[in-house]
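Enquirer: Given the coordinates of chain A, assemble chain B onto it according to the supplied hints.
Sequence order for the protein chains is A and B. According to our numbering, the first sequence holds residues 1 to 115 in order. According to our numbering, the second sequence holds residues 1001 to 1112 in order.
There may be inaccurate statements among the hints.
[Said to hold, decoys possible] Simulated pairs of lysine-lysine, DSS-like, Cα-Cα distance not exceeding 25 Å:
(1) B:Lys1099 with A:Lys66
(2) A:Lys41 with B:Lys1058
(3) B:Lys1015 with A:Lys41
[Unchecked claim] Quick list of simulated restraints, FRET-style, between CB atoms:
(4) A:His7 with B:Gly1017: 35 to 45 Å
(5) B:Met1078 with A:Lys55: 17 to 27 Å
(6) B:Gly1017 with A:Leu26: 18 to 28 Å
(7) A:Ser15 with B:Ser1010: 42 to 52 Å
None of these hints come from the bench; they were simulated from the model. No residue lacks a Cβ here, since even glycine has one placed at the ideal position from N, Cα and C.
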Amino acid sequence: GAVVSQHPSRVICKSGTSVKIECRSLDFQATTMFWYRQFPKQSLMLMATSNEGSKATYEQGVEKDKFLINHASLTLSTLTVTSAHPEDSSFYICSAILTNTGELFFGEGSRLTVL
Amino acid sequence: QQQVKQSPQSLIVQKGGISIINCAYENTAFDYFPWYQQFPGKGPALLIAIRPDVSEKKEGRFTISFNKSAKQFSLHIMDSQPGDSATYFCAAGGTGGFKTIFGAGTRLFVKA
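Same shape as in the complex, but just chain A (with noise of 0.2 Å):
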């Protein structure tokens, strides 16, 4: 199956500080992406979809000031967590979509943990 690679797989910051998680496609171009939240022993939560080159589409509930979504090449989609608080921290997931076959694939999440 197709490649997908999160990146750090564990962070750690300090209160009020931004991360910034990258997400890529190996071995296929992925006009779309999408970044889940997940909580302990939950579903996988939507938080947005990236798009190549225009603005993501939010999630209802979901603070795009605070979720910087970045699609800005076909293999690369940044989340960038702005001024994080305690209760941001939780395990984000990203997923690139093989377009002609609706094939979803995962990367390997990020732990982030605010301090």
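Expert: Frame of chain A, contents of chain B only:
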């Protein structure tokens, strides 16, 4: 119309037994039904997937059964092993511009 209902929430199976997880969807426009396996601290990994033109797909110990008329599909893990202990998510999506919708997940524990 966009929900995917998954059951059971948790499952304990003896080593060598059969694990069965069920899902039901509502939107008949979905045309891609994958199952993902997730270990703690890792992203979900695609396990097996099926499209509505077939009723069953088998890959090794993993089988998907698909019932289009009932809008249900299930994952069967034969000869379950302790290494299969993980959380399993079913999903529904496709090529029609739909967002992939995930079930709530099933935590499987296989006892040695």
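Enquirer: B:Lys1015 and A:Lys41: Cα distance at most 25 Å?
Expert: holds, 23 Å
Enquirer: When you check the alpha-carbon spacing of A:Lys41 and B:Lys1058, does it fall within 25 Å?
Expert: violated, 28 Å
Enquirer: Next pair to validate is B:Lys1099 with A:Lys66; report whether the Cα-Cα distance is within 25 Å.
Expert: holds, 22 Å
Enquirer: Check the following: the C-beta atoms of B:Gly1017 and A:Leu26 are separated by a distance inside 18 to 28 Å.
Expert: violated, 37 Å
Enquirer: That 17 to 27 Å hint for B:Met1078 and A:Lys55 (C-beta), does it hold up?
Expert: violated, 46 Å
Enquirer: Does the hinted range 42 to 52 Å hold for A:Ser15 and B:Ser1010 at CB?
Expert: Given range 42 to 52 Å: violated, Cβ gap about 35 Å.
Enquirer: Do the Cβ positions of A:His7 and B:Gly1017 conform to the proposed distance bound of 35 to 45 Å?
Expert: Holds, since A:His7 and B:Gly1017 (Cβ atoms, about 38 Å apart) stay within the stated range.
The structure is inconsistent with the numbered hints 2, 5, 6, 7, although it conforms to all the rest.
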